[in-house]
Amino acid sequence: MKNMSSNNTKHINRRAFLRNTTLAGGGLVIGFNLIQSCKTKVVKEAVIDLANLDYMDFNAFIKIAENGAVTIFSPNPEIGQGVKTAMPMIIAEELDVAWNMVHVEQAALDTKSFVRQVAGGSQSIRHGWDALRQTGAKAKHMLVQAAANRWGVDASTCSVSEGVITNANGETLGYGDVVKEAALLEVPEEVTLKTPKEYKIMGKDAPNVDLDEIVTGKPLFGLDYKVDGMLYASVLRPPAFGQELVSFDDSEARKMSGVVDVITIGSKLRAYLEKDDRFHSKISPSDKVVVIAKSTWEAMQAKKAIKATWEAKGTLESTEEHDNILNGILDGNDFVTQRADGDVKKAFAEADDILERTYESPFLPHNCMEPMNFYAHVTDAKVHLAGPIQPPEWKAGLVAQMLEREPEQVQMDMTRMGGGFGRRLFGDFVVEAAEISDAIRKPVQVVSSREDDMTTGVYRPAIKYRIKAGVKDGKVTAYHLKEASINDSMYGLIPNFFPAGAIENYQVDTSAHKSEITTGAWRAPFTNFLASAEQSFFDELAEMMEVDKIQLRLDLLQKVKGTSDERIQYSPERMEEVIKVAVEKSGWGTKPKNVYQGFVNYYCHNTHVAEVADVEIEDGKPVVKKITCVVDCGIVVNPTGALNQIEGGVIDGVGHAMYGDFIFKDGKPLANNYDRYKLIRMKEAPEVETHLIQNEF
Amino acid sequence: MPTYQIRVNGVDRTVDVSSDTPLLWVLRDHIGLVGTKFGCGIGQCGACTVHVDGVAMRSCSATVEMAKDREITTIEGLSEDGTHPVQEAWKTIDVPQCGYCQAGQIMTAAAFLESNPNPSENDIENALHGNICRCATYSRIKKAVKLAAENMD
Chain A
1 MKNMSSNNTK HINRRAFLRN TTLAGGGLVI GFNLIQSCKT KVVKEAVIDL
51 ANLDYMDFNA FIKIAENGAV TIFSPNPEIG QGVKTAMPMI IAEELDVAWN
101 MVHVEQAALD TKSFVRQVAG GSQSIRHGWD ALRQTGAKAK HMLVQAAANR
151 WGVDASTCSV SEGVITNANG ETLGYGDVVK EAALLEVPEE VTLKTPKEYK
201 IMGKDAPNVD LDEIVTGKPL FGLDYKVDGM LYASVLRPPA FGQELVSFDD
251 SEARKMSGVV DVITIGSKLR AYLEKDDRFH SKISPSDKVV VIAKSTWEAM
301 QAKKAIKATW EAKGTLESTE EHDNILNGIL DGNDFVTQRA DGDVKKAFAE
351 ADDILERTYE SPFLPHNCME PMNFYAHVTD AKVHLAGPIQ PPEWKAGLVA
401 QMLEREPEQV QMDMTRMGGG FGRRLFGDFV VEAAEISDAI RKPVQVVSSR
451 EDDMTTGVYR PAIKYRIKAG VKDGKVTAYH LKEASINDSM YGLIPNFFPA
501 GAIENYQVDT SAHKSEITTG AWRAPFTNFL ASAEQSFFDE LAEMMEVDKI
551 QLRLDLLQKV KGTSDERIQY SPERMEEVIK VAVEKSGWGT KPKNVYQGFV
601 NYYCHNTHVA EVADVEIEDG KPVVKKITCV VDCGIVVNPT GALNQIEGGV
651 IDGVGHAMYG DFIFKDGKPL ANNYDRYKLI RMKEAPEVET HLIQNEF
Chain B
1 MPTYQIRVNG VDRTVDVSSD TPLLWVLRDH IGLVGTKFGC GIGQCGACTV
51 HVDGVAMRSC SATVEMAKDR EITTIEGLSE DGTHPVQEAW KTIDVPQCGY
101 CQAGQIMTAA AFLESNPNPS ENDIENALHG NICRCATYSR IKKAVKLAAE
151 NMD
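Residue numbers (the numbering used here), protein chains in the order written: chain A, 1 to 697; chain B, 1 to 153.
A hint or two may mislead.
[Said to hold, decoys possible] In silico DSS-like pairs for lysine-lysine, Cα to Cα no more than 25 Å straight-line: (1) A/K307 <-> A/K559; (2) B/K91 <-> A/K200; (3) B/K91 <-> A/K218; (4) A/K625 <-> B/K143; (5) A/K625 <-> A/K585; (6) B/K142 <-> A/K626; (7) A/K626 <-> B/K143; (8) B/K143 <-> A/K585; (9) B/K146 <-> A/K683.
Derived from the structure by calculation, the hints contain no laboratory data.
This one's a predicted model, so the numbers in the text were calculated from it and none came from an experiment.
The task is simple: from the sequences and hints, build the whole structure.
Printed below as a string of structure tokens:
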């Protein structure tokens, strides 16, 4: 097969395409490169001869064969969040084909065609929503027009169902019948989209598109990516945060079986870090020792035989020290105010009662089941990267800059990811793979052991919240939340979430302590623990006020209705709805005495949620038996996927709340594998009963 | 480097590896059967579960030396076409999220149901407790094992 570069193929014109199609003989497959509509830009050179192309050179498009089979390329990386199923469902809905006719493939990185090929911030569907619908609808419009042209009728007199076009006389043509003619038509500027009532695919369960491959063990993941002659690299990183490499002895390691080379990396990364200090808190700048071997096991074994000396400029950090520092911050006055309404100081002075509580959460490792890994092959001509990465575009760009290459020289292929949870946003492993292959000029896969993964992570930062509320005449008159965190402070719109707007005197202050420990996003960053702290506080506040826990929230929400404050990020009406359903479905207040019930309502990531937890005490310890969960996330594209995500997220949240602890001493985490770090397992998982609020927005 | 004959999914294989090489890496790097997953390397997560003479075993903690002359079955060999009742149940229930741990879950469940075809909920929880799913698809795994048990009758 001729391997054309994407630059050549992108500019293939229609005439060339048709000629190639004819030459291709049996390969009569026609593609609409309609991903361009993801940028809502009309592209004339829209058609590509797929039979003559290396698929990896092309990305998201709809491909329709003459037999009517439809392939849809899913643009965004799949980390288990289900977008590889849900995003193509959105296209298929507007394209008006039967879902069981659709074959889905993962697109590679194509910055020219796509906007935001990122798995992060829970935004794939929200960002893709309009563009994906437009993509499907425009293709449908062209197909219908082609059929109308052939019949000599007005396109508006034709109807479509499941890939079959019918005219007023009842004659029919399949998409495959007219796809060649349709491909010659102009891409329309504007098309009519369906209303939610017309949806046939969205809102119905579509099982994971990779199910067959997953249950039969097909190569899908980063660690499964193998090419001929590929070597394996195991990286020895500083054992404690803040340390740098002084010297090492690799004489034993070099004698071990399978070892090809031992090198150091770091100089190219440091040169890059001088230009981009944002990446600094995500990767150690130290030199690292890399063992390159013929197999993963041999690389990992030989790494253990390296004798390295490390040195720290400052004192090595510990959880104990961090506790003191964060408490000191909370006791002090050195904060950045994120939002201030009214006058909390005055309101506290006038309050009848005051409640103040401090909530703290530790660093947490992501613990993706697939340890960090990445493939790189650097040659003079190009840089080929492949593996599990949440923001492929950002990291391909970073590697291009670090290796001083043009962005077009970097090819980035995405594999399915064995979990992400934010960890694969950072790409420290991509950078390492690229620097290693640049040095040895061979295809290489960097593989972390579980111990590497857990001890050289980019952790959820340790955070403490101190929350204080004032009550006067039975009403909450003041609310002051202070955040003290390691490295990263609460950002963006979070200070405008509940209870902003509901309490007259309201203030959110933040302050961060700089640490050598690398930190970053971890599954719903900040809100994952803020929700817990804030909502625990409201339960405690209700107890102090001797009012019903839920009624307290409902009363506060009343004050936000009809607000003119445009900064407020949640809808009091939608919040009220999820709360009411949660009360009804959970049997709030009707459980036997041995069942303790806790309540949460929260808004983040454009979703309103209310949950009731049923907790029992067993052997003196709280055991979460059941969570009733009501979710309003707007239109649900794929209910089975959404329910799976919610159940998993809830159990994961309970697991980390119950067991997540990650203590540092002398700059190192004490736990480095699952014998010393507990993740929730089947027996501890609570029952999760989920109710989705159906709406059209 | 010693030469080992091992039998995987009914096929005899010859590999040249050191005697302490875990079966996991023999399968993944030397034979190219990557369906068996690396998770922790210390037998704690269950992602690498295979059948050795029909018994579920952590392939990260079994050496090639231990595996020789035994009948090894991996996820690729559980059925010819993905139609083992456990695989079918996994598809019906739409269990996976990221999918990485699922081969290990399926292999654990398949061996378990061979020895206990009519399990109670408690039996299932005990049998699958050693397999971590970081996406926490536990309730669907449990449902799928129950369904597979019904269909294996």
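These are the hints, each one checked on the structure:
| no. | hint | in the structure |
| --- | --- | --- |
| 1 | A/K307 <-> A/K559 | 64 Å, violated |
| 2 | B/K91 <-> A/K200 | 22 Å, holds |
| 3 | B/K91 <-> A/K218 | 15 Å, holds |
| 4 | A/K625 <-> B/K143 | 17 Å, holds |
| 5 | A/K625 <-> A/K585 | 15 Å, holds |
| 6 | B/K142 <-> A/K626 | 16 Å, holds |
| 7 | A/K626 <-> B/K143 | 17 Å, holds |
| 8 | B/K143 <-> A/K585 | 22 Å, holds |
| 9 | B/K146 <-> A/K683 | 15 Å, holds |
The structure fails to meet hint 1 from the earlier list, while all remaining hints are met.
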